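Trainee: On the provided structure of chain A, position chain B as indicated by the hints.
2 protein chains.
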Amino acid sequence: MNSRSSTRRDFLKTSTLAAASLPFIGALTPSIRAADPGRKLGFALVGLGNLSTNQIVPALQKTKFCKLAGIVTGSSTKAERWKAQYNLQDKNIYNYDTMEQMADNPDIDVVYVVTPNALHAEHTIKAAKAGKHVLCEKPMEVSSEKCQQMIDACKKAGRQLAIGYRLHFEPNNLECVRLAREKVFGDLKFIEADFGFRIGDPKQWRLNRALAGGGPLMDVGIYALQATRYITGEEPVLVTAVETVTDPVKFKDVEETIAWQLKFPSGIVTSSTSTYNFNGMARYQAFAENGWFELAPAYGYNGIQGRRSDGQAINLESGDQFAAEMDNFAQCILKNQPTKVPGEEGLRDIKIMMAIYEAARTGKSVNLA
Amino acid sequence: MNSRSSTRRDFLKTSTLAAASLPFIGALTPSIRAADPGRKLGFALVGLGNLSTNQIVPALQKTKFCKLAGIVTGSSTKAERWKAQYNLQDKNIYNYDTMEQMADNPDIDVVYVVTPNALHAEHTIKAAKAGKHVLCEKPMEVSSEKCQQMIDACKKAGRQLAIGYRLHFEPNNLECVRLAREKVFGDLKFIEADFGFRIGDPKQWRLNRALAGGGPLMDVGIYALQATRYITGEEPVLVTAVETVTDPVKFKDVEETIAWQLKFPSGIVTSSTSTYNFNGMARYQAFAENGWFELAPAYGYNGIQGRRSDGQAINLESGDQFAAEMDNFAQCILKNQPTKVPGEEGLRDIKIMMAIYEAARTGKSVNLA
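As you go down the protein sequences, you meet chains A and B in turn.
The first sequence begins at 131 in the working numbering and counts up by one.
The second sequence begins at 131 in the working numbering and counts up by one.
Looking at chain A on its own, in the form it has when it is part of the complex:
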């Protein structure tokens, strides 16, 4: 078993590895070293779009170990509105040019990067240079090279880097991982995992390759890809893919619909589809020797539920996934333990997604082994 698959197999565990064994965790930050280990870490949000506004800020109110401490925005209007709404101090409000000055601000422990995909490296690296831990939204970036730069910058700064894979903290998804790991239905054989939606506004950054790096695969297909990886606990070795465009005006820049198949070392095959052109596809189903289990819907902010071939329901109380994700990261930082969703995990997905694009473009299967 290589180190990549052992990381995957740790999905269920709260790691108790000593910090000494973790090359990517260096010296603790002064603000943390001096702090009460039970205190709330200060989060600064970078990018105040829909996700920050409607999910992350409300979630911060529900955390045990986190609080909103600052913002980074290019919009003075948004800065004013957030300042008033969340009672922020002027010294904790930054723009993209000033955010490196956070180095002098002990109120901010963690920077949560919620900007368009192709800006993640820039904002992560600035945060790391300012001595902050970084939680970065998925997809990690738009190329493997930029992901590696983010990992290197955080390592050099002795700060943790986590990717916003909220489903790693979602009980129904964790239950499916358990069903797979404990072989409740025997050895896994096949997974079908799909996620897509019909996108609206044709002018949004998600349809702009320069900012998004790709289309539905990068945005939501990544959840289906993640599911096939955390359910199997393996890394794919072969990719085939096909993509299609039926609306070449709207989808001039990024793919409209893409379907891909992965083969894993144990022989498990997975088949996935992602789209920006129709609704209704948001599930996965895993087939094993003696039965199957399914989540449908599988990836939402709420309402995740499923069933098993033996008639049992999968319907665990989910809570706020963003709150769980942020609290987990805060605990990792406070206890100097590794996150289970590190930059390396984000990089793996980017590499696989680039291989999916290559397979679709060339019509040839791509080896990942």
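Stretch-level coverage of chain B by chain A, calculated; a stretch enters the list once three of its residues show a Cβ under 8 angstroms from a Cβ in chain A:
| no. | segment |
| --- | --- |
| 1 | 310-320 |
| 2 | 357-371 |
| 3 | 390-401 |
| 4 | 408-414 |
| 5 | 417-428 |
Heads up, simulated EDC-like pairs for lysine to aspartate or glutamate below, C-alpha to C-alpha not over 16 angstroms straight-line:
| no. | chain 1 | residue 1 | chain 2 | residue 2 |
| --- | --- | --- | --- | --- |
| 6 | B | Lys333 | B | Asp383 |
| 7 | B | Lys382 | B | Asp331 |
| 8 | B | Lys380 | A | Glu419 |
| 9 | A | Lys313 | A | Glu424 |
| 10 | A | Lys286 | A | Glu474 |
| 11 | B | Lys494 | A | Glu488 |
| 12 | A | Lys380 | B | Glu419 |
| 13 | A | Lys494 | B | Glu488 |
| 14 | B | Lys197 | B | Asp237 |
| 15 | A | Lys197 | A | Asp450 |
| 16 | A | Lys194 | A | Asp450 |
| 17 | B | Lys481 | B | Glu275 |
Hints are computed from structural coordinates only; laboratory data are not their basis.
A quick note: this is a predicted structure, and the numbers were derived from the prediction, not measured.
Heads up, the beta-carbon is just placed ideally off N, CA and C, and yes, glycines get one too.
Mentor: Chain B only, in chain A's frame:
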């Protein structure tokens, strides 16, 4: 629109084409020409395995225009049992060496070929030479060449050849075709269609490449392939595929699990999987601009049902599919009208399945256009 797609678009129609326009229908057989058009056609079953015993013979009792008139079997034990059970006359009982003598037997109008796949051509051609119409189980044969020989033999004999695609006569599947053709949810974008099961006895002919021609794709994956073709009403132009073996002893001869993707001229993509190694996969779901529809299970002898994104159920009374298929073929013969499931339709599937195998073997997409 080429002739292939027009055939597909006729799925819903009972054709009223004049016989003159049908090159594959020649002179009527004497036995029919002289007969009461309302009489029951005599069917001879070739191959008395599980399907004949448990599905086709019971279905014959439910038909309006068909009756069991004879059998062809290599087993004298089966011959005796069937003779007694169905009150068959000795002159209507044949073996594989004597079946050409049916030419002199006016009791037999139609030969239903239910032998292993790689014997379909031999038995179809013998039946055609004996002047009989032929209904042949799917898959049509194990190669395009042999399919073409079957088509040619029936054409030369002036007899009709139909392939046993029972779902073309199944109301819930026909309802899904209607939803697609009438664009009830707008233009189709994507279809997921899967069918597989965990196979038992490792010694059965279905696991023997020489007799089966392939594994689950040929046996049950063909239903998923058919669904993607009759729902789209188009012919695929591009194939990608991947296969896997986790039990190389049991699956030394045919594939264990195979996943394939098809791209159609309008841009619709379909993703399908078939397997002999796990249960639970027997559905299709079609996604369109404004909604989706699904059958789950989609392909069984009974229990087919589904749902739509608007909350409506799809749950039409199905009846016996084999009876519907045989009665339809009898009507086509009696009225000298073309079947909607001719040999050409079976050949198309064989060509596509061979391309799926090629794509899986080479790791390269295969163009079918």
